[in-house]
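A.B. asks: Sequence:
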Amino acid sequence: MARRLGVVSVVVFGALAVVGSALAIGGGSLLLGPASHVRQLAFHGYYDGHKDTYLITDVSSKAQAKALHVNYAPALGKVRDIPAQYFVKGSAAAGQLAVFGSEPGEKDYNPLWIELFVKWNPGMTPVLLLSDNQINSLAAAHKLTVTDAHIVLNAPITKVGG
1 MARRLGVVSV
11 VVFGALAVVG
21 SALAIGGGSL
31 LLGPASHVRQ
41 LAFHGYYDGH
51 KDTYLITDVS
61 SKAQAKALHV
71 NYAPALGKVR
81 DIPAQYFVKG
91 SAAAGQLAVF
101 GSEPGEKDYN
111 PLWIELFVKW
121 NPGMTPVLLL
131 SDNQINSLAA
141 AHKLTVTDAH
151 IVLNAPITKV
161 GG
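For the sequence shown, the tail end lands on 162 under this note's numbering, and the numbers increase by one without skipping.
Since the hints were made in silico from the structure, they are not lab data.
It cannot be assumed that every hint is accurate.
As the list claims (entries may be wrong) - Below, computed lysine to aspartate or glutamate pairings styled on EDC-like, alpha-carbon distance capped at 16 Å:
1. Lys51 with Glu103
2. Lys159 with Glu103
3. Lys159 with Asp48
4. Lys78 with Asp58
5. Lys78 with Asp148
Construct the complete structure from the given sequences, taking the supplied hints into account.
C.D. replies: Structure representation (structure tokens):
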């Protein structure tokens, strides 16, 4: 009986030690389950002259979700007051990427983006667009047109710079 009580005490003490150290390490954080590596396409875009890396996980457009092989999330389309992500349609300068209106560390950063299409106006020679301020200035000068696609992307930036 004493031996059985000793074994039970060791098992209980061991379990408490594991739980206690898990709480200490995670600070009582969420239990997310085991981690694993997955393959997912990563994309690059410009923000204020440098490149950021981002993923696309969900989109409010059914057609775009199908084309990108990501989740269709119609409720995203109802989200308002989010930063813009600009995509050039038609003629573009060599090396053109998407352009972000924010990035992690900025007070307005959000992984949700309103998708805006940029098109160079007739007679304009495309230049490399590197920032939202540049796009807005060129639009004000009537060199390009910005159109709201009415599509919201869930596209978190996973790496700033490089």
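A.B. asks: For the pair supplied as a hint, Lys78 and Asp58, is the alpha-carbon distance within the 16 Å limit?
C.D. replies: holds, 14 Å
A.B. asks: Could you grab the alpha-carbon distance between Lys159 and Glu103 and see if it respects the 16 Å cut-off?
C.D. replies: Holds, at about 9 Å.
A.B. asks: Within a Cα-Cα threshold of 16 Å, do Lys51 and Glu103 meet the stated pairing?
C.D. replies: Given pair Lys51, Glu103 holds - Cα atoms ~11 Å apart, limit 16 Å.
A.B. asks: Is the straight-line distance between the alpha-carbon of Lys159 and that of Asp48 16 Å or less?
C.D. replies: holds, 14 Å
A.B. asks: Mind checking the alpha carbons of Lys78 and Asp148 for me, to see if they're no more than 16 Å apart?
C.D. replies: With Cα atoms ~14 Å apart, Lys78 and Asp148 stay inside 16 Å; holds.
Violation of the numbered hints given earlier is absent; every hint is satisfied by the structure.
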